[in-house]
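Colleague: Chains as they are written, first to last, in the numbering used here: chain R, 120 to 580; chain H, 120 to 580.
No wet-lab data here; the hints were simulated from the structure.
Some hints here could point you the wrong way.
Copies of the same chain are indistinguishable here, so a pair counts whether it falls within one copy or spans any two.
Said to hold, decoys possible - Dumping the calculated SDA-like pairs for lysine to any residue here, alpha-carbon to alpha-carbon at most 20 Å:
| id | residue 1 | residue 2 |
| --- | --- | --- |
| 1 | K238 | G363 |
| 2 | K563 | A361 |
| 3 | K238 | A254 |
| 4 | K275 | P334 |
| 5 | K563 | R239 |
| 6 | K275 | G300 |
| 7 | K275 | E220 |
| 8 | K238 | A361 |
| 9 | K569 | R544 |
| 10 | K528 | A361 |
| 11 | K238 | Y276 |
| 12 | K275 | A222 |
| 13 | K528 | E477 |
| 14 | K528 | A284 |
| 15 | K528 | G300 |
| 16 | K275 | P465 |
| 17 | K569 | R429 |
| 18 | K275 | V123 |
| 19 | K238 | W440 |
| 20 | K275 | W224 |
| 21 | K528 | G426 |
| 22 | K275 | R215 |
| 23 | K569 | G134 |
| 24 | K275 | E337 |
| 25 | K528 | Q388 |
| 26 | K528 | D552 |
| 27 | K275 | E406 |
| 28 | K528 | V410 |
Number of protein chains: 2
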Amino acid sequence: VGPVLRADLSRLVGGEHVHEVPPESPYNRDAGKRAGVQGRAEAVVLPGSAEEVRAVVAWCYEHDVAIVPRGGGTGMMGGAVAVHGGVVISLERMRRVRELEPALWRMLVEAGLPTSEVKRLARENGLMFAPDPGASEQSQIGGNVATNAGGPHALKYGVTGAWVASLEVVLAPGELVHVGGWAAKDVAGYDLRSLLIGSEGTLGVITAVGLRLLPAPETAHASIVLLSDRERGCEAMRALPAAGLRPSVLDFLDGETLAIMAGSYPLPQQQPPPGAGFALILEFDGERETVSTERRTANELLGQLDGVLRVDDATDPDALWRWRDGANGVVTAQRGAKISEDVVFPVERLAEGLARFEEIASRQGLQSCAWGHGGEGNVHATVLVDPQAQDELARAAQVGEELFALVVKLGGSVAGEHGVGYLKRGRLAAQWDGPAVELHEGIKRLFDPKGLMNPGKKLAR
Amino acid sequence: VGPVLRADLSRLVGGEHVHEVPPESPYNRDAGKRAGVQGRAEAVVLPGSAEEVRAVVAWCYEHDVAIVPRGGGTGMMGGAVAVHGGVVISLERMRRVRELEPALWRMLVEAGLPTSEVKRLARENGLMFAPDPGASEQSQIGGNVATNAGGPHALKYGVTGAWVASLEVVLAPGELVHVGGWAAKDVAGYDLRSLLIGSEGTLGVITAVGLRLLPAPETAHASIVLLSDRERGCEAMRALPAAGLRPSVLDFLDGETLAIMAGSYPLPQQQPPPGAGFALILEFDGERETVSTERRTANELLGQLDGVLRVDDATDPDALWRWRDGANGVVTAQRGAKISEDVVFPVERLAEGLARFEEIASRQGLQSCAWGHGGEGNVHATVLVDPQAQDELARAAQVGEELFALVVKLGGSVAGEHGVGYLKRGRLAAQWDGPAVELHEGIKRLFDPKGLMNPGKKLAR
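Bound conformation, chain R alone (with noise of 0.2 Å):
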């Protein structure tokens, strides 16, 4: 089938945007490089409009193939690998700014763009594009809107989906639609857009998005708080909004991972202090007075809360994040591999969630950490293995289940920010009622009758 795919394919966006797909192709991968994850993608094609996705779509769609839809190939979970064969739908030529109107805070955009260039035409303009998921030079806008990516920021600022005011989406059986629009206030029809958000290709191929702009902060300054142990970082972390205070970011990383990350601190006069067991990364922004206050405000709060040993200030703010976003690489170098599960403990539930996955973890025998964005209770929680070693790969996959498990039963949720993706299928039943998986399903089945958008994603079963 594969070569007649081809040439049908080719008369929609010409040959040399048609392309095989060796198995070790990175079109076959993602970022995650999980086991399982191995696409068989019969096909990528790289369309150059709206109307050549919508011509695609449609072709396949009559023909029974599976459309699988690729931004940036960040994801972790395997939410863009065709892992039951299928055309891969990749958006990267499409990267056009349909419209930039600084002055209305806004700019549409094509969804092959990457997430980096919609930051920096927003900050050229004065402006400020809030969500800043990881990855935003290969990741692309129209994947942060499929995913619904998070990102420190979202603290303050919301995930991807808060500011996407429209979508323009190719739905099956192969038609282009608008949904949403500038209107800040629009109850005319139910909310499409959102059910498009986040839905992971599942539902239609996002071709470009609306997005709303701010404008950028004054000034933005971060500290790392380092405290005694994991208790106590936890409490501060639920400390400083029960005060009234407002961070931007409220990220931790727990004492196995700041252990680990201890040798590249940022601050490159110092080294946390002995008995440090806990990290807080906290930034405030706003109008400069403004941050001063809050800054003061939190540092005279910390400095009575029990286990804060230092505040330390973030002389420099690229190293500092280049250090918070090296964490997957240092703890990935640990043992040759890592098994990273993006979860959410309700936030007055997160001190006892890390402390019951270090549990689970240390009962299979295996070292972990735990990161993320704890102002949200948003946990990235992490084993690391021997990537040659199998029994200890049954081991972090039995440690899975038995986090899932108890994500639910704490009332979190098993995916946050990272999406559900191929690995993560079948988890919502567990944590949904009944009903609404079953209506879970039912969108599915209504905006793709044939199971042919993204197969296998995002179940909910």
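Once you have looked at the hints, place chain H on chain R.
Modeller: This is chain H only, laid out in the frame that chain R set:
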């Protein structure tokens, strides 16, 4: 059928909570008092718990009886009126605060709690529930969520739905279901919460809502900007955000509205200056110093704009808002009735939209006026009528038809913050792409296969 039905429902909720509904009952009308909105409810039931709501919905669904959920009855579009008969479920007895956690900025309350109580509880704990739709003393939080109500402060803080973390809802055929949760990041399933927000009782009956709160801003300062005319007024509304200012309110009154309301101008020593043909209500809130800076910047900017006649500080903010909220009554009093349509123009076409609305009304020989939330282009476009003059009512209806066509043509929305209800049924089809309209209808069928949930409301066609 009435007595049998009431006897059965009495077994579920207690006889004292099931009532007959004579045609003239308030339960058969809403605050819009518009022609054609006449309920024919066979009974109103006042359940005392979510379980009782579930039992009533289950009974009605089994017996093919329509279900019309009702909050405070402050809607304008007939959404809470049983125009096709059936049972009205009034949530007014369900007003418990199930959870109030000021330190975590959240509360979980039953749907029948008046919105003013939600706001008071937040305020008494140093917090703010940001949405501020009108009639907060009478309206209920469940109704606000079901209509995704707006209000002046939505400009900065977003509409009601932006503050809803979770819903407890009764779905057909009679299931109590929880949707969403406190996790600010949660991509485990499709966004059913956003689908239910603004669904106006057509997908389910909301019984409780989890609400997010914010620390209360330190201060707020409002002023009235008086301008020569509509064009200059709309230019000023665009100039403020273009200069990086972020008002918490940016409302407007057009010249006709201003003239009608001049007699009760909220600065008793003053009157609008001669030649004032447009007014803005401008508010900034936040830290004292920030607000002071923003006011200074705004005043400097306004001082440089053509057509700005005067900026009056609202020395008594309560008086300002009473004046503003009085628009409905004062305008109605002009000729005995008014017909006001809640629509949205793109902000950059607001002046054009307002001018063309005035022309449309004028061609029909009717006096018009308009006010609303200009920062979002949200307009309450109004014609003044004699309620006894049938020909005026017919011409007013024609004005409405032309207005909705204009809104769609200019790229706005036929419904901003007052819902679709009964009166705007069928208007969505003109605004949305065909496949999106079909999905709107498909979602309705998925949630409500028998079509018993608030029938005749929020219809796309």
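Colleague: Look at each hint and say if it fits the structure.
Modeller: Here's how the hints hold up against the structure:
{"no.": "1", "hint": "K238 to G363", "verdict": "between (29 Å within a copy, 17 Å between copies)"}
{"no.": "2", "hint": "K563 to A361", "verdict": "neither (40 Å within a copy, 41 Å between copies)"}
{"no.": "3", "hint": "K238 to A254", "verdict": "within (12 Å within a copy, 40 Å between copies)"}
{"no.": "4", "hint": "K275 to P334", "verdict": "both (14 Å within a copy, 12 Å between copies)"}
{"no.": "5", "hint": "K563 to R239", "verdict": "neither (35 Å within a copy, 41 Å between copies)"}
{"no.": "6", "hint": "K275 to G300", "verdict": "between (24 Å within a copy, 18 Å between copies)"}
{"no.": "7", "hint": "K275 to E220", "verdict": "between (24 Å within a copy, 19 Å between copies)"}
{"no.": "8", "hint": "K238 to A361", "verdict": "between (31 Å within a copy, 18 Å between copies)"}
{"no.": "9", "hint": "K569 to R544", "verdict": "within (19 Å within a copy, 31 Å between copies)"}
{"no.": "10", "hint": "K528 to A361", "verdict": "neither (25 Å within a copy, 48 Å between copies)"}
{"no.": "11", "hint": "K238 to Y276", "verdict": "within (14 Å within a copy, 22 Å between copies)"}
{"no.": "12", "hint": "K275 to A222", "verdict": "between (23 Å within a copy, 16 Å between copies)"}
{"no.": "13", "hint": "K528 to E477", "verdict": "within (16 Å within a copy, 59 Å between copies)"}
{"no.": "14", "hint": "K528 to A284", "verdict": "between (35 Å within a copy, 19 Å between copies)"}
{"no.": "15", "hint": "K528 to G300", "verdict": "between (39 Å within a copy, 13 Å between copies)"}
{"no.": "16", "hint": "K275 to P465", "verdict": "within (17 Å within a copy, 27 Å between copies)"}
{"no.": "17", "hint": "K569 to R429", "verdict": "neither (58 Å within a copy, 63 Å between copies)"}
{"no.": "18", "hint": "K275 to V123", "verdict": "neither (51 Å within a copy, 54 Å between copies)"}
{"no.": "19", "hint": "K238 to W440", "verdict": "within (16 Å within a copy, 38 Å between copies)"}
{"no.": "20", "hint": "K275 to W224", "verdict": "both (18 Å within a copy, 13 Å between copies)"}
{"no.": "21", "hint": "K528 to G426", "verdict": "neither (29 Å within a copy, 62 Å between copies)"}
{"no.": "22", "hint": "K275 to R215", "verdict": "neither (29 Å within a copy, 29 Å between copies)"}
{"no.": "23", "hint": "K569 to G134", "verdict": "neither (27 Å within a copy, 50 Å between copies)"}
{"no.": "24", "hint": "K275 to E337", "verdict": "both (15 Å within a copy, 18 Å between copies)"}
{"no.": "25", "hint": "K528 to Q388", "verdict": "neither (44 Å within a copy, 63 Å between copies)"}
{"no.": "26", "hint": "K528 to D552", "verdict": "within (13 Å within a copy, 42 Å between copies)"}
{"no.": "27", "hint": "K275 to E406", "verdict": "both (15 Å within a copy, 16 Å between copies)"}
{"no.": "28", "hint": "K528 to V410", "verdict": "neither (38 Å within a copy, 44 Å between copies)"}
This entry does not satisfy hints 2, 5, 10, 17, 18, 21, 22, 23, 25 and 28, going by the numbered hints stated previously.
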